[in-house]
Amino acid sequence: MTSPDHDSAPTDGPRAALERAPALSVEGLRAYYMTHYFGVQREVRAVDDISLVVRRNEIYGLAGESSSGKTTFLKTIAAAIRPPLTVIGGSVRYSFLDRDIYALSPAELSAIRWKHLSYITQGSMNVLNPVRRVRQSFVDFAFRHMKLSRRAFFPAVERHLQQLHLAADVLDAYPHELSGGMKQRVTIALATICRPEFIIADEPTTALDVIVQKDVLAMIRNAQQQIGSSILFVTHDMTVHANIADRLGIMYAGRLVEEAPTADIFRQPMHPYTAHLVASLPKIGEPARQTALTGSPPNLADPPAGCRFHPRCPLAMDVCRTASPALTPLASGRRVACYAASPLVQPSDSADSAPDATLRVRTAGVRP
Amino acid sequence: MAGYALYVLRRIGQFVLVVFVGVNIAFFVTHATPIDPVTAAIAAATRFSQSDPQAVQMTRDALRELYGLQGGLWQQYVAFWSRVAVADFGPSLSAFPTPVSTLIWRAMPWTFGLLSVATLIAWLLGNLLGGLAGYYRRNLSLKAFGVIASGLQPIPNYVMAFVVLVLFGYVWPILPITGSSQINLPEGWTFAYFKSVFEHAVLPVLSLVLVGTGAWFIGMRALVSNIVTEDYVTFAELGGVNRRRILISYVMRNALLPQVTGLALSLGLIFNGAVITEVVFGYPGLGNLLIRAVYAGDYSLVIGIASMSIIAVAFAALVIDLILPLLDPRVEAS
Amino acid sequence: MFSIVKDLLRYNREFALGAILILLVVAMSAASYVSPYSAGMQYVVPFDTPPSWQYPFGTNSRGQDVFWQLTFAIRNSLLFGLTVAVLSRVVALVVGLTSGYLGGMVDRILMSINDSFIVFPPFPILVLVYFIFKDHMSWALLAVAMASLGWPYDARLIRSVALSLRTREFTTQSLFSGMSTRQILVEEHLPYVLPIVFATTMNNVNWSIGLEVTLSVIGFTNIDTPTIGTTIYWANQHTALVAGVWWWIAFPVGLVIMTFIGLYLLSISMNEYIDPRSRLSRMGGSA
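Protein chains in written order, with our numbering: chain A, 17 to 384; chain B, 8 to 341; chain C, 658 to 944.
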C-alpha cells in the first residue's frame, strides 16, 4: 500500500486524514514464539500475517478473545519484543518515522518512545515504580522530551492534569496509595503528556468496575480529541469497543478476520466469529438464550489447516478446511476473510506458506 | 509519621524480647547442666598437687560467690540479672582481677571494626556487581566475576583465612599477619598508629570480604533478574526511560530492600567468620578472647562474651530494621 | 516426582553436576564400611608419607591412612549434618505450617519467637554449650543445640508458602468439593511445600557441617571422633602445614568443599526449577 509520506492537505477532515500518511501501517507481520525447552522445539504462531492501517486522528479497536494474539501484536508493533518472541517477517511503519521501526537503532528507538509513541496498560497493575512518588515517574518519562526548564516542567504537568480533570496532588502520592482507577487515570495522563502521534492502549479498562470504566473511557476520548493522536485500543470487551472505537478489527488465532467501521460491525457482522461476538452481548429485555461456540481456540503451535476458525464454524465448507481465506477489501470500506461472507474472497497466497527461514529474522528488542 | 513511631516502639519491644530470651538461654544452659564449674575449676587447680582441705573449701566458697552460684536457683537468677543490667559480669578468672566488662570493652572495638568494615564492603561490592550482572546479562567481565564469586562462596572461612595468611604472610609478605597494630607502637590519635592499624586490618578484612561478597553477589543477581521482569520495569523500558536511570532508580532501588532485610538476618552468621579470622590472624577481638576464655576455663568471661554478642547482634538488627521503612514507602507499621 | 528428577538430570547442568559431586561424597562415606582400619586405630602405617598408589591420600603424623580416615570423617560429618537438618526441618515445618495455616494470634506469637531466634549468633551460644559440657560433650547434644538454632529462617519460608496456599483458589475449591483437611494438605499442598523443604534441607546441611567444622577446628567438639573438622584439628595440632604434610589438610578441605558445592548446586537448581518465572527465561530465550 503506497501513501504519500508527507502532508499534502492543509485542512483536517476525514478526506484529508485519509490522504495523509496513516498513523500506523502494518504489512504481512509475523511474530512467533520459538521455544526450545527440555529438548522440545515449538513455534507458537501468535501473530501470523497481519496487515492493517490506522489512520490519523482515529481510534482503532482490536477485539478478540484471550490467546488470539492481540497482546503479542501490541508488543510487536511497539518493538518491545524479547526472546522467545521473534519477528519472522513483515513491516511496521509509523507516520513519524521514515523507515520501518525495526530498522531503527536503539538510540533512535529510545528517542521516539513516549514522544511519538506511548502506551497505556492495565493501570491497576504494577506499572509505576513502587518506591517513588508519581511526580518522579513524570520526570522519568516526559522531562527529556518536553524541553522545559526544571522550574517550568511541573506547572506544565499540573496544567495537563487539570485538563484531564485530575487533581494535582496525585503527583505527591506513592503508587500503592492510589486506587486502581486512579492509577489508570494517572497512566493516561502520563501517556498523553508529550502529545504523541500514536498511543497503544492495552486493556485499559479491564479489572476496573463499570463506573470507573466509564470515567476512564471518557478521559481517553477527551485526551484523544485534545491531542489528535491515533489510538490502537485493544480489549476483548465488545461493549467498550462499541463505546469508543471508530473502526474495529477482529482477531482470531493470530489473524485478522474482519475489519469495518464500528457501527457496521455491530449492525451487520459478516464473519461468523464476529457474528458470535456481537450476538453474545446481552441485550436488555431480550430473553433469548445465548448459544456458546463449540470447541476452544486453536493451539497456535499447531493451528488447523485452512481457515483457522473452521473447526468451530457453523458455515464451514470444504474449501475452508484446505485454504485460508485472504483478508479481502470490500466496497464499503470493510475487509473480511471468510468465503461464506462474500464471493470476492479468495484463498490467500501468503498465509499458508511456511515462513521462509531465510527471511531476515528481527530480534530488535527493548533492551539490546 | 505516627505509623513509624509505632513501628519503632514495636521493634524496640522485639529487641528487648530477644535480649531477654537470649540471655536467659545463656543463663539456663549454664545452670541446667550437671557440671559444676566450681568443682571443675578446683579439680583443675588441685590436679597435680596436694591441698589442704580447708583451703580447698575456702576457695570453693570464694569461687561460688564469684560465680554467683550461691543460694538457690531463683536467688542466682535474680543476682545474675541484677548484674547483667549494669553490664557487670564479675571479674575474669584467667585475668584476675580484671573485670570481664573491661576485657570485653577492650576487645569489642576490634571485632566491631573488623566485622562492620568487612560486612559493609562485601555487601556493597556484592550487591553492586550482582545488580549489574543481573541487568547486563551479556557482559563478559560480569559473567566472569560471577563464576569467580560462585567459586569462592562455598570456601569455608578458615580455609580462606589460612590461604590469605600463607599467600600474604609467606609467599608475598607485604602486610603484617598478626596483631591489630605494631607491638611497640603506642596507642593514640597519631597518624602512625592509624596507619599501623590499617595495615594490620587489611588481611583479615580481605579474607572476610573474599568469602562474603560471593553470597551477596549471587543473591542480588537473582533478585535483579526477577525484578527486570516486573511490570514497572518493562513499562519504563517501553517509555524509553534512560537505561541508567532504570538500573538505579527502578531496579537497584527495589532490589536493595530485600537485601537490607537479608543483612539484618545474616548478622548472626557473620560472627562465625570473624572468630576464625581473629584466631588465624591473632587479632585481639572478641572471638579470640572467647576461645582463650574457653581454654582457660574462665566461666564469667565466656558468659559475658556470649551475652554481649547476643545483645550486639540484636542491636545491629534493630538498627537495620528501623532504617528499612525509611527506604521502602510500602513498609508500614504492619 | 521421579520424572522431575530425570528431567532435571538431563537438562539442568547444575543439578547434574551437584548430583555427581554428592554421589562421589556419599560413595566415599560408604567406603568407610569396608575400611581395613577402624576409625580409632593409630600408628598402623608409616608416618607422613605423601600420596602414592599404596596410600592414595597419603598418611598422617598419627600413623593413619588419610584416605580411610577421611571415609570415616566424611561419613560422620554428613550424618551429623543430616541429623541437624532433619531435626530442624521438623521444628521449621511445625512452626511454619502452624503459623501459616492458623494465622491470627498464634501466628504473631510464633513469629515473634521466630524473629528472636533468627537474630541469635549461633557460634557464641554453641561455644557456651561446649564450655559447660566440656568432656561430656556429645555429638547428639551438639546436634540438638544446632537444630534448635537452625530452624527460624526456614520456618519463615514455610510459613509464607502455607499462607499463600491457604488463600489460593484451589484450596477453597477443594474445600467446597468436599475434600477433608487432611486430604487437602497431603494431596494439594504438599507438592508445593516439599520442594522448598528439600532445598532448605540442602542449605541447612551445608550450614551445620560448616559450623561443625568451625567448632572442631578450634577443638570444641569431641575430637576423638573422626570428622572433617577434627581431622583438620589434629592436622593443626601436629603443625602439618609447617611440617610439609599438606595432604593431611588439603584432602579434607577438598572433600568438604566438594560437599558444599554439590549441595549448593542441588539446592539452587531445585529452587530455579520451582520458580515459574525463571522457567520462562530458560525456554529458548537468553533474556
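No lab work stands behind these hints, which were simulated from the structure alone.
Heads up, a few of these hints could be off.
In silico negatives: residues of chain A with every beta carbon more than 10 Å from chain B [to be verified]:
(1) L125
(2) P146
(3) T255
(4) V294
(5) M333
Computed Cβ-Cβ distance ranges for the label pairs, DEER-style [said to hold, decoys possible]:
(6) A:D231 <-> C:L820: 40 to 46 Å
(7) A:E193 <-> C:S821: 55 to 61 Å
(8) A:S358 <-> B:N249: 48 to 54 Å
Computed from a predicted structure; not experimentally measured.
Yeah, the Cβ is synthetic: ideal placement off N, Cα and C, and Gly gets one too.
Comparing the hints with the structure gives:
no. : hint                          : result
1   : L125                          : violated, 7 Å
2   : P146                          : violated, 6 Å
3   : T255                          : holds, 26 Å
4   : V294                          : holds, 32 Å
5   : M333                          : holds, 43 Å
6   : A:D231 <-> C:L820: 40 to 46 Å : violated, 35 Å
7   : A:E193 <-> C:S821: 55 to 61 Å : violated, 24 Å
8   : A:S358 <-> B:N249: 48 to 54 Å : holds, 51 Å
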